[in-house]
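A.B. asks: Produce the complete structure using the sequences and hints provided.
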Amino acid sequence: MHPENLQKSVSKFNSWMIGCLIISLTGVVMDLFHVGFYIEEELGLHWLFQIRGIRTPPEDVVVVSTDRQSAYELGLPQEPYKWPRSLHGRLVSRLTKQGAKVIVFDLFFKDIGSQEENAAFAEAMRDAGNVILFEKITTTGSRTQPVRGSIRIPPTPQLAQAATGLASHPLPTSSLRVNQFWLFDPNNPYRATLPFLALQLNSLQLYEEFLELLREIVPIEVASLPQRSQDIHGPDGIQHLVKALRTIFTSHPTLGERLLGKLPIPRSDQQKNNHRLLASLIRAYNQGDSQFLDFYGPPRTVFTVPYFCVLIPCSSQQLGGPLPVDFSGKVVFVGLSETTQSEQQDRFPTVFTSTDGLDLSGVEIAATAFANLLERHHVTALPLYLHMSVLMVWGILVGTACFLVSTTRLQHQSGLLIAALSGLGVGLGMVYFGVVVWVFITHALWLPLVVPLLVQLPVGLFTALFGNFHEVNRQRLITEKALADYVPAPVIKPLARKIAEIRSQGQVVHGLCLFTDAEGYTKVSEALEKNPDKLQVLMNQYFEAVCAPVKTQKGIVSGITGDSVLAIWPAGMLTLELRTTVCMAALDLISSVARFNRSEPEFPLPTRVGISGGPMFTGTVGAGEFYTYTPVGDIVNTASRIENLNKKLGTRLLATQLVAKDLPDIFTRKVGSFQLIGKTRPVVVYELLGRESEVDEICRKAIQKFLHGVGCFYTRRWDQAEESFRTCLQLRGRDGPSHFYLSLCSHYRNHPPSPDWQGTIILTTK
Numbered sequence: 000m001h002p003e004n005l006q007k008s009v010s011k012f013n014s015w016m017i018g019c020l021i022i023s024l025t026g027v028v029m030d031l032f033h034v035g036f037y038i039e040e041e042l043g044l045h046w047l048f049q050i051r052g053i054r055t056p057p058e059d060v061v062v063v064s065t066d067r068q069s070a071y072e073l074g075l076p077q078e079p080y081k082w083p084r085s086l087h088g089r090l091v092s093r094l095t096k097q098g099a100k101v102i103v104f105d106l107f108f109k110d111i112g113s114q115e116e117n118a119a120f121a122e123a124m125r126d127a128g129n130v131i132l133f134e135k136i137t138t139t140g141s142r143t144q145p146v147r148g149s150i151r152i153p154p155t156p157q158l159a160q161a162a163t164g165l166a167s168h169p170l171p172t173s174s175l176r177v178n179q180f181w182l183f184d185p186n187n188p189y190r191a192t193l194p195f196l197a198l199q200l201n202s203l204q205l206y207e208e209f210l211e212l213l214r215e216i217v218p219i220e221v222a223s224l225p226q227r228s229q230d231i232h233g234p235d236g237i238q239h240l241v242k243a244l245r246t247i248f249t250s251h252p253t254l255g256e257r258l259l260g261k262l263p264i265p266r267s268d269q270q271k272n273n274h275r276l277l278a279s280l281i282r283a284y285n286q287g288d289s290q291f292l293d294f295y296g297p298p299r300t301v302f303t304v305p306y307f308c309v310l311i312p313c314s315s316q317q318l319g320g321p322l323p324v325d326f327s328g329k330v331v332f333v334g335l336s337e338t339t340q341s342e343q344q345d346r347f348p349t350v351f352t353s354t355d356g357l358d359l360s361g362v363e364i365a366a367t368a369f370a371n372l373l374e375r376h377h378v379t380a381l382p383l384y385l386h387m388s389v390l391m392v393w394g395i396l397v398g399t400a401c402f403l404v405s406t407t408r409l410q411h412q413s414g415l416l417i418a419a420l421s422g423l424g425v426g427l428g429m430v431y432f433g434v435v436v437w438v439f440i441t442h443a444l445w446l447p448l449v450v451p452l453l454v455q456l457p458v459g460l461f462t463a464l465f466g467n468f469h470e471v472n473r474q475r476l477i478t479e480k481a482l483a484d485y486v487p488a489p490v491i492k493p494l495a496r497k498i499a500e501i502r503s504q505g506q507v508v509h510g511l512c513l514f515t516d517a518e519g520y521t522k523v524s525e526a527l528e529k530n531p532d533k534l535q536v537l538m539n540q541y542f543e544a545v546c547a548p549v550k551t552q553k554g555i556v557s558g559i560t561g562d563s564v565l566a567i568w569p570a571g572m573l574t575l576e577l578r579t580t581v582c583m584a585a586l587d588l589i590s591s592v593a594r595f596n597r598s599e600p601e602f603p604l605p606t607r608v609g610i611s612g613g614p615m616f617t618g619t620v621g622a623g624e625f626y627t628y629t630p631v632g633d634i635v636n637t638a639s640r641i642e643n644l645n646k647k648l649g650t651r652l653l654a655t656q657l658v659a660k661d662l663p664d665i666f667t668r669k670v671g672s673f674q675l676i677g678k679t680r681p682v683v684v685y686e687l688l689g690r691e692s693e694v695d696e697i698c699r700k701a702i703q704k705f706l707h708g709v710g711c712f713y714t715r716r717w718d719q720a721e722e723s724f725r726t727c728l729q730l731r732g733r734d735g736p737s738h739f740y741l742s743l744c745s746h747y748r749n750h751p752p753s754p755d756w757q758g759t760i761i762l763t764t765k
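Positions 0 to 765 (numbering that gives the first Met the number 0) are the ones given, in order, by the sequence shown.
Some hints could be false.
Label pairs and their in silico Cβ distance ranges [what the hints assert, rightly or not]: (1) ILE150 to PHE465: 24 to 32 angstroms; (2) LYS242 to PRO382: 21 to 29 angstroms; (3) ARG266 to GLU115: 47 to 55 angstroms; (4) PHE432 to PHE347: 23 to 31 angstroms; (5) LEU73 to ARG266: 19 to 27 angstroms; (6) GLN344 to ARG125: 42 to 50 angstroms; (7) GLY426 to THR763: 23 to 31 angstroms; (8) PRO323 to PRO382: 40 to 48 angstroms.
Calculated from the structure, these hints are not laboratory results. Keep in mind that this is a model prediction, so the values were computed, not measured. Note that CB positions come from ideal geometry on N, CA and C, so glycine has one too.
C.D. replies: Shown next as structure tokens:
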């Protein structure tokens with residue numbers, strides 16, 4: 000590889016690598032300082048839930064709300080803690096009679112209260128054998144470290160002893176919303192919380208089957224466990240069981256997967272239900288201390304029954320659903336739940352907090368947590384290393400895409416580059432957003448959303464724009480320095496700026512090329528052989544006449560050699576406006592030279608012009624210590640050949656079809672298809688006759704006859720063609736192309752072209 004190309008490749012690689020590092024490290028650093036994860040939890044998770052919307056909760060979970068409506072219907076105080084506890088006993092008995100599998104009270108019975116009331120409630124709980132009561136935990140700590148120490152406060156002893164289980168329901172509150180729940184007490188990792196204990200009690204009927212599975216893998220540990228579900232007595236008994244099982248699972252990290260692999264394939268509906276319960280219990284023990292909640296929706300998305308509807312008949316309107324309510328096989332959570340924000344007491348802000356401030360109640364959050372455990376479906380956050388990996392990969396992707404766009408032809412067109420990068424950002428953002436939302440909805444997998452889209456993507460776009468601005472300025476300075484040795488100082492900056500705006504890969508541009516040659520220059524130079532100073536003055540005046548229209552139309556005079564002038568109009572695209580501009584410049588050039596010739600009748604220099612368009616190389620060309628700035632390419636050669644074609648046709652101004660076709664303000668005519676000297680492909684050539692407003696009617700009629708003649712010529716109708724060309728000559732008086740074709744018609748009549756001839760005229764001499 001050439002050293003210069005190698006240097007460019009290394010420079011591009013460094014730019015790409017720096018851009019990718021900036022974008023990637025922006026996200027990673029935010030993660031390292033926990034800012035990124037905090038933003039994702041507060042904004043990203045909220046957006047994902049709002050986009051996903053409501054998810055149908057399992058039918059196995061029901062909430063019984065101790066609300067103000069129930070207080071009114073039952074004639075009770077508005078505060079549920081003042082309700083007679085015998086009423087809760089009636090509720091337990093009614094739910095048990097209707098087949099409720101587990102009953103969980105998210106109410107704290109701290110006051111001793113009436114012995115008779117407590118006795119009635121306690122007796123109902125003992126008879127049911129499936130009631131879990133809430134125990135309070137007082138904590139010490141701060142908002143950022145909400146749980147550093149705790150004291151368990153059980154309900155009144157008479158009730159605590161009658162319950163099947165006691166558990167707390169602490170909620171992590173380090174963020175603005177409740178997003179997680181604890182499976183185990185944060186200060187006692189072996190003590191279950193309400194949702195987990197409800198799951199354990201819900202699957203207690205399968206305890207012996209669960210024990211058999213364990214015995215196959217860890218027989219020694221199983222020997223220390225209760226061998227029958229009947230051996231598990233009271234709140235301490237079930238918590239001791241949880242502690243023992245938690246210890247076993249903690250000691251054997253792969254135990255959960257091995258147990259799941261040993262579960263028998265279910266065949267009946269009952270077996271499927273048992274399989275689901277066992278799989279849920281195994282998964283729960285195999286999880287960490289906490290999980291992110293997979294909320295089902297706004298408040299009361301989990302089916303909620305008013306307290307009074309369990310005890311006394313109520314209407315479907317009061318219930319908010321169809322009657323009768325089926326509690327059979329259900330896990331029932333009892334607690335505070337209201338339908339208006341002003342009446343809420345046990346409330347927590349969540350991603351589904353309504354616009355009027357209605358939060359989810361603590362009991363519905365507990366029911367949601369239990370339902371997540373039962374379904375084995377919770378929001379899964381990526382581990383830190385994977386979270387950072389996603390940000391790194393996204394940063395590299397954004398950096399690469401921005402780099403590829405900023406190194407295209409748009410590199411030197413800031414407006415288009417900004418638009419392209421903006422479009423790229425929107426496109427990438429939409430794709431990434433769609434992937435994140437799809438993964439969340441289908442798999443509850445939580446990928447970073449806010450930082451990649453609102454931080455890394457803008458950083459990537461800004462980095463690309465800044466890097467492009469720096470690179471364009473660097474290239475412009477290099478170009479100016481290169482031009483300084485052989486281009487006049489006033490031209491350097493405009494020329495460098497124009498080239499910098501349009502060149503691709505530094506040097507290849509598109510544009511138009513105009514080539515002129517003075518007719519009779521040799522004769523004039525011979526006449527002034529003894530007065531070269533006068534020739535120099537004359538030629539300066541001539542070149543001023545040629546170059547002035549070019550400069551007026553913002554062209555670049557690229558070179559002057561002898562009596563020839565080469566001018567270019569570099570551009571990103573050959574637009575109609577650019578083609579019109581160059582052709583107008585050529586017409587003005589012919590007029591300007593005509594004025595010069597009138598001022599110098601002794602030494603006239605009639606000028607021929609050829610114009611071509613397409614890609615060309617612009618840059619330094621030369622060797623040794625001599626270099627010149629010049630365009631190189633087929634269009635330069637074509638422009639020169641077309642200029643020379645003027646001699647054959649007796650014209651002054653010719654251009655390729657690409658340049659001259661369909662110009663609204665310039666009157667042109669197609670003079671034919673020619674295979675120019677040294678070229679293998681034919682070129683369709685047009686003559687520029689003048690501005691539309693300057694061409695009279697006679698000229699227009701003459702040109703129509705000429706074009707008709709060319710059509711006849713192409714179809715080998717030599718007589719009709721000659722007639723049209725002669726008519727054109729009669730109308731115009733003098734017309735070089737008509738004379739040219741008359742000569743060809745005479746020749747082809749005697750020497751017909753080959754059968755496959757398509758009308759192209761092959762030129763063999765200059």
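A.B. asks: Given a hinted range of 23 to 31 angstroms, is it respected by the beta-carbon distance of PHE432 and PHE347?
C.D. replies: For PHE347 against PHE432, whose Cβ atoms are near 28 angstroms apart, the range 23 to 31 angstroms holds.
A.B. asks: Given a hint of 42 to 50 angstroms, does the C-beta separation of GLN344 and ARG125 actually sit inside it?
C.D. replies: 29 angstroms, violated
A.B. asks: Lying within 23 to 31 angstroms: is that true of the beta-carbon distance GLY426 to THR763?
C.D. replies: 55 angstroms, violated
A.B. asks: Just tell me: holds or violated, for the beta carbon distance of ARG266 and GLU115 against 47 to 55 angstroms?
C.D. replies: Holds: the Cβ-Cβ distance is about 51 angstroms, inside 47 to 55 angstroms.
A.B. asks: Given the hint of 40 to 48 angstroms, check if PRO323 and PRO382 actually sit that far apart at their C-beta atoms.
C.D. replies: 47 angstroms, holds
A.B. asks: For the range 24 to 32 angstroms, tell me whether the beta carbons of ILE150 and PHE465 fit it or not.
C.D. replies: Given a distance of about 57 angstroms, which is not inside 24 to 32 angstroms, the answer is violated.
A.B. asks: Would you say the C-beta atoms of LYS242 and PRO382 sit inside 21 to 29 angstroms of each other?
C.D. replies: 27 angstroms, holds
A.B. asks: Please test the hint of 19 to 27 angstroms on the beta carbon pair from LEU73 and ARG266.
C.D. replies: 46 angstroms, violated
The earlier numbered hints that this structure contradicts are 1, 5, 6, 7.
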